[in-house]
Every structure is written in C-alpha cells, then in structure tokens.
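Engineer: Make the full structure from the sequences, and use the hints.
Here the protein sequences line up with chains L and S, keeping their order. FYI, in full-length UniProt numbering the residues of the first sequence are 1 to 342. FYI, in full-length UniProt numbering the residues of the second sequence are 1 to 342.
It should be emphasised that the hints constitute simulated quantities derived from the structure, not laboratory data. There's no promise every hint is true.
[To be verified] Here's a subset of chain S near chain L, in silico, CB distances under 7 angstroms, partners left out:
hint, residue
1, Val60
2, Pro61
3, Ala80
4, Arg109
5, Met122
6, Ala125
7, Glu126
8, Val147
9, Ser151
10, Met263
11, Arg267
12, Leu274
This structure is a prediction, so every number in the text was calculated from the model and none was measured. Cβ atoms here follow ideal geometry from the backbone N, Cα and C, with glycine treated the same way.
There are 2 protein chains.
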Amino acid sequence: MSQLSPQPAGTSLPTSADVARLAGVSRATVSYVLNNNTTVRISDSTRRRVREAAADLGYVPHAAARSLRAGHSRTVLLPAGQAPAGALYQRFLTQLELGLRRLDYTVVRYGGVGQDADEAAMTWAELRPVAVVSPDDLALTPYGIGVLTRSGARAVITLGSQPVDGAHALVVDQREVGAHAVRHLLARGRRSIGVVVPQEPGHALIARPRLAGALRAVEESDADAGVRALPLRYQEDSAQDLASRWRTLGLDAVFAYDDEYAMLLTRALQDAGLVIPGDTAVIGAGDLMLGRLLRPRLSSVAMELTCEQRPAEMIDRLVQNPGGPPERHHLLRPAVVARESS
Amino acid sequence: MSQLSPQPAGTSLPTSADVARLAGVSRATVSYVLNNNTTVRISDSTRRRVREAAADLGYVPHAAARSLRAGHSRTVLLPAGQAPAGALYQRFLTQLELGLRRLDYTVVRYGGVGQDADEAAMTWAELRPVAVVSPDDLALTPYGIGVLTRSGARAVITLGSQPVDGAHALVVDQREVGAHAVRHLLARGRRSIGVVVPQEPGHALIARPRLAGALRAVEESDADAGVRALPLRYQEDSAQDLASRWRTLGLDAVFAYDDEYAMLLTRALQDAGLVIPGDTAVIGAGDLMLGRLLRPRLSSVAMELTCEQRPAEMIDRLVQNPGGPPERHHLLRPAVVARESS
Numbered sequence: 001m002s003q004l005s006p007q008p009a010g011t012s013l014p015t016s017a018d019v020a021r022l023a024g025v026s027r028a029t030v031s032y033v034l035n036n037n038t039t040v041r042i043s044d045s046t047r048r049r050v051r052e053a054a055a056d057l058g059y060v061p062h063a064a065a066r067s068l069r070a071g072h073s074r075t076v077l078l079p080a081g082q083a084p085a086g087a088l089y090q091r092f093l094t095q096l097e098l099g100l101r102r103l104d105y106t107v108v109r110y111g112g113v114g115q116d117a118d119e120a121a122m123t124w125a126e127l128r129p130v131a132v133v134s135p136d137d138l139a140l141t142p143y144g145i146g147v148l149t150r151s152g153a154r155a156v157i158t159l160g161s162q163p164v165d166g167a168h169a170l171v172v173d174q175r176e177v178g179a180h181a182v183r184h185l186l187a188r189g190r191r192s193i194g195v196v197v198p199q200e201p202g203h204a205l206i207a208r209p210r211l212a213g214a215l216r217a218v219e220e221s222d223a224d225a226g227v228r229a230l231p232l233r234y235q236e237d238s239a240q241d242l243a244s245r246w247r248t249l250g251l252d253a254v255f256a257y258d259d260e261y262a263m264l265l266t267r268a269l270q271d272a273g274l275v276i277p278g279d280t281a282v283i284g285a286g287d288l289m290l291g292r293l294l295r296p297r298l299s300s301v302a303m304e305l306t307c308e309q310r311p312a313e314m315i316d317r318l319v320q321n322p323g324g325p326p327e328r329h330h331l332l333r334p335a336v337v338a339r340e341s342s
Numbered sequence: 001m002s003q004l005s006p007q008p009a010g011t012s013l014p015t016s017a018d019v020a021r022l023a024g025v026s027r028a029t030v031s032y033v034l035n036n037n038t039t040v041r042i043s044d045s046t047r048r049r050v051r052e053a054a055a056d057l058g059y060v061p062h063a064a065a066r067s068l069r070a071g072h073s074r075t076v077l078l079p080a081g082q083a084p085a086g087a088l089y090q091r092f093l094t095q096l097e098l099g100l101r102r103l104d105y106t107v108v109r110y111g112g113v114g115q116d117a118d119e120a121a122m123t124w125a126e127l128r129p130v131a132v133v134s135p136d137d138l139a140l141t142p143y144g145i146g147v148l149t150r151s152g153a154r155a156v157i158t159l160g161s162q163p164v165d166g167a168h169a170l171v172v173d174q175r176e177v178g179a180h181a182v183r184h185l186l187a188r189g190r191r192s193i194g195v196v197v198p199q200e201p202g203h204a205l206i207a208r209p210r211l212a213g214a215l216r217a218v219e220e221s222d223a224d225a226g227v228r229a230l231p232l233r234y235q236e237d238s239a240q241d242l243a244s245r246w247r248t249l250g251l252d253a254v255f256a257y258d259d260e261y262a263m264l265l266t267r268a269l270q271d272a273g274l275v276i277p278g279d280t281a282v283i284g285a286g287d288l289m290l291g292r293l294l295r296p297r298l299s300s301v302a303m304e305l306t307c308e309q310r311p312a313e314m315i316d317r318l319v320q321n322p323g324g325p326p327e328r329h330h331l332l333r334p335a336v337v338a339r340e341s342s
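Structural biologist: This is the structure in structure tokens:
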C-alpha cells in the first residue's frame, strides 16, 4: 500500500519515480504516458492511472533535465513581440504560441532588448531551444545561426522583412504595404506622392521597405508620377512644420506610413487649411478603428499575417525534418480599404 | 601547442573543457571566471585569457546544465506583456528585463495564453525559474505558488491589480486611475458621471477596478454626485447607440476608460449634437498623443509605473533572501492632464 499522501506541503517536488510508485507502473511507462508517446502499446486504463497519479502528486517534469536526457528540448523561442507593428505581430504570435503548445512544445518568449544579434543568439543558445523564431529587429548573422544550430536548434526561422542566409524565413514583406498604398493613389489620379518616414529609430525596419515599395510602384506604373520621402517625428510640432511646407512641396497625395502618423498629419494639414482629399489625398496603414472616426474617414492599407500551412505545424515539420533547404513563406496580405480621405 | 582552431564549422559546440585547454587553465578556473565568481583569487590576465578563449571558441554555457549543477537557475520569467494596457507595461517590463540582464539573470518572457493559472504555474515550473513575475490576467493560486516554490523559485511576484496570498506583489492599482479621473470631474463641478466599461473580455481586469475607484471617489467626496457604469464595445455602432441615449441618461461628464474609448465616444457624442465640454466633459486615460489631436483636445489620466527601489534590484534581493514576508510595492503614479475636453 502506498504511503504517499498527495502534495505534501513544503517538501520538494515529486519525481517521476513517485508517480510510478503511486500508479504501480514502471518509470518508463510514466515517461511514455506523460510524453504522449503512442508508439508503445499501453492500455487506456493504465494511461489514465498514470495521469491521475501525476495530477494527485502535482508532478512537474523538469524541462531542462528532460532536454538533457532526450538530447534535444521541446523548447521553442518566440520573440516577445514589442512595438512597432506590435498589434500586427501580436495576434500572429499568440496563435503560433497556442498552436505550438498544442503540439506539446514549451514556448518561451524572448525579448533580446539591448543586445546585438550575436549576443542574443548566444543567450538563446543557452536555453538549448529546438527551434527559434527570430524577430525582425535582430538581423541574425551566419555566426549566430551557427551557434544556435550547434547548440541543438533544428530550425532557425526569421520573422520579418529580411530573410537571412542559412535560416528559414517567415517573410513579412513591408514593401507590399507601400506598393499597395501608392498604386491606390495613382489609380485615383494622384501624381505627386509623399511617403512619411518616421524619425523614431524603432520604425526604420518597417519604414524603409514601405518607402522602397512605394518607389517601386511608381517605377512599375506608366504614370508620370513621383515619390518624395517625408521625414516626420510623432509630435505635433513636427507635423505642423511639415504641413506648413506642404504647398511648396506641391504634393497631391501622401502615404502616411501608418494610421497613427496619418491621423497626426491629417490634423496638421487641416489646421494649415488644406482640404482632404481635395487638395491632398491621405492613406495610412493598419486599418485602426480610430481612423474611421476621422472626418473625412481615413483610407488605410489593412494587413493580415496568414500562411497556407499553419505556422505551428510548419515549425514542427522543420523540427522533425532538419537539414532541408531554407524555406521562404510570405505572410503579409495587404488590402486597401478606401474610405473618404483618398 | 593547441591543436584547436577557433569555431570549427559544422561540429558540436565547444565545452568548458575546450576553453580550459585553449586558455591553459583548469575547468574550475573557467567556471569561476565565466560565472563572475569573485570569491576566488584569479589574476586579471588569467581572467582575460579565459574570456578570450571562450570568445574565440564561441563557447556557450548550457543554462539547463548550469542550473542542474548549481541546484538553482538564474532564469527569471517575465510576462510577455500582451494588451490591454500593453503600452503601460511594455516599457516597465523592458526596463526590468535590461536591469535583470545586467545582474546576470537569464530573462525569459512567458505568454501563458490559453492556460489557466495552475496550468501556467506547472509549465513555468518546468523551466525551474529562480523568480517569476506573474501577469495580471493570471490569478495565481496558493497551489500554483506552491508548485513554483517547490520547483526552486525563490521569489514569486505578481504584477497587477490583484496581490495573491503568499506571493510578493508589484501592485498596479487601477482604482487610482478611476479615482483621479472622477476627482477631477467633481472639481470641475460635474455631478452626474458616466464611467465607460468596455465589453471586450480582456479589459475586465482593468475596467472593474477603474470603475470601483470612480465609485469610491464619489463616496469620499462631499458632493451630491452619482456614478453610472456605461457598457461600451469598441465599435462605432455601440458608441452611436450610447450617444443616442445620452440626454435621457442625464450625464454631464464621462470617464471613458481610456483615450481610445474616449476618442470613440467623443466622435459619437459630437455626431449626436452634444457639445464637449459644455454639455458633457470627457476624460480618458493613457495620455496618448492622438488625444491631443482631438478638438476639443482630450483630457487624460497619464500613468507611469515606477518604484522607489529599482525593480530588478528588488527581485535580486528577494532571490538572495528568500523566506521573508510577502512584500507589496505600489507602482502606479497617475496624474491628470487637463486639456480642453473637461
């Protein structure tokens, strides 16, 4: 008869041996059941007994010990998902985290603030992840990828505008956002198009490709049109300064980087006496609810991050079959929502 | 002479034995130097030689192995910091992460989406953290705290409105935001005050204490005033519906939960023909830049999260000296920014 009482307070955590004893099975059986190993034939009643014993004892496996035993971990590192473009990534990463958890991975969010890419790769490698999704604001180097791979990572995946040699890529091609905005403005007959470039340093990674996409859209069109970069800080005085030079610049349209900068600039243009969209068409990006409250209502490039294969299953596949050629999957689906401002 | 070439490509990671061989010292010396152990006397030149050898080889310590050896880890779990109130927490958590990294902790962000508190505690315990900061949207139970403590966590700290028995608390008392807003409206002579309560489920944890604080501010005042809860979804039709009933409700002021809901409601009230602040004063919270673009400019409760002791050092102290009584530290510093709307 077992002498174990469930959950003895104040003592150390129960081990898998305790679970085995309470359930009356071997440690191997406990391991098979709790790791959902279905290759070994174990009756449903035994599986249930092991699960109940683990629950009664409050058994917590040790991820570190488990990964040392197994030779590789089930840990996947995801970026913590800071701003900018936070909202766009946040929902995607939350879904990805849920999907990976369902596939029995341990998901760890990693910030990497204040580190360069190689430092970050070293810190990540310390956790011996089996897969790493690297955020856009850290441009992984071949050195960092090597450190991660040699520490046991079977899949290194970048998430963002810039694929990196030797890593898989979930590509969020921000150029498409700029291209969609400018194609829309050209279709509305606008020919002299400003493109807002935020001066806050964190935005450069998104602003640069959006501007490049805007330029490309003009080049690819038959229209005799031009694009001009408009540096802007997210401050009223910066917007007022830009608005005061608007007539001199001779612009008849602006892609304002995103909806927040668009709201800032719209207010300043209206205060400077310009009529929207009569004098100047305005389009943002992100399709914020707040943009619909503007008068005129703000046009915007709506964005979604989706993928043919569910990203969690893709990562699982890359982990199961390492060594294949780097894969590229495009996630960003932009779509113009034309309202009154353009 | 050493046969080791730095960074052999494609092979497995170098071990501390490799570092010891290249530096010509013992493995113990490598361990002392790389763990910044200053209790052992080691010359500066030896320390430098070890560090250079580690850098040349691309040596990455294994956090899991290190924590198994040491008996406890240097891993601190922080919440991933999802919305709502994301912006408020994000800067705080980023600073905390940097501070902990400087103190040589490994910081891991943990989401916990889709898990209940006990499940989350079990998953966290698998990583054997030495300290856990638990987010507001997971109400840790004594059971969960027990699991974490027995798995080696020396400090379990909640971050949010609700302290939990048996854990330290970084208290973000949202009641103070509601109280500040309503005290301001009372001081402006308003007596019939609506308080917006968002209907989106994620907001309940913040909306409830903000409403409670608003009620308390009226109770504590001498004024013959009343507070009324106003359910609102973050949608134009919901705001229009509320605005159409505004005169019947007889409200002369509203604390609109935050600046985004305030912008939504302001637009609907103005479209319904109400004059702000003449008919109704409006105040939000969060002090967003966009609120300043409204006409009239939006009043707001600005918020900051600060602490007498630096939070990273506080956590380090709690880790060094476990077993003390639960500590409470209030982080939220609200301040009314009165503009034109109130």
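Engineer: For each hint, tell me whether it holds in the structure or not.
Structural biologist: Cross-check of the supplied hints:
no. : hint   : in the structure
1   : Val60  : holds, 4 angstroms
2   : Pro61  : holds, 6 angstroms
3   : Ala80  : holds, 4 angstroms
4   : Arg109 : holds, 3 angstroms
5   : Met122 : holds, 5 angstroms
6   : Ala125 : holds, 4 angstroms
7   : Glu126 : holds, 4 angstroms
8   : Val147 : holds, 6 angstroms
9   : Ser151 : holds, 5 angstroms
10  : Met263 : holds, 6 angstroms
11  : Arg267 : holds, 4 angstroms
12  : Leu274 : violated, 15 angstroms
The structure fails hint 12 only (numbered hints given earlier).
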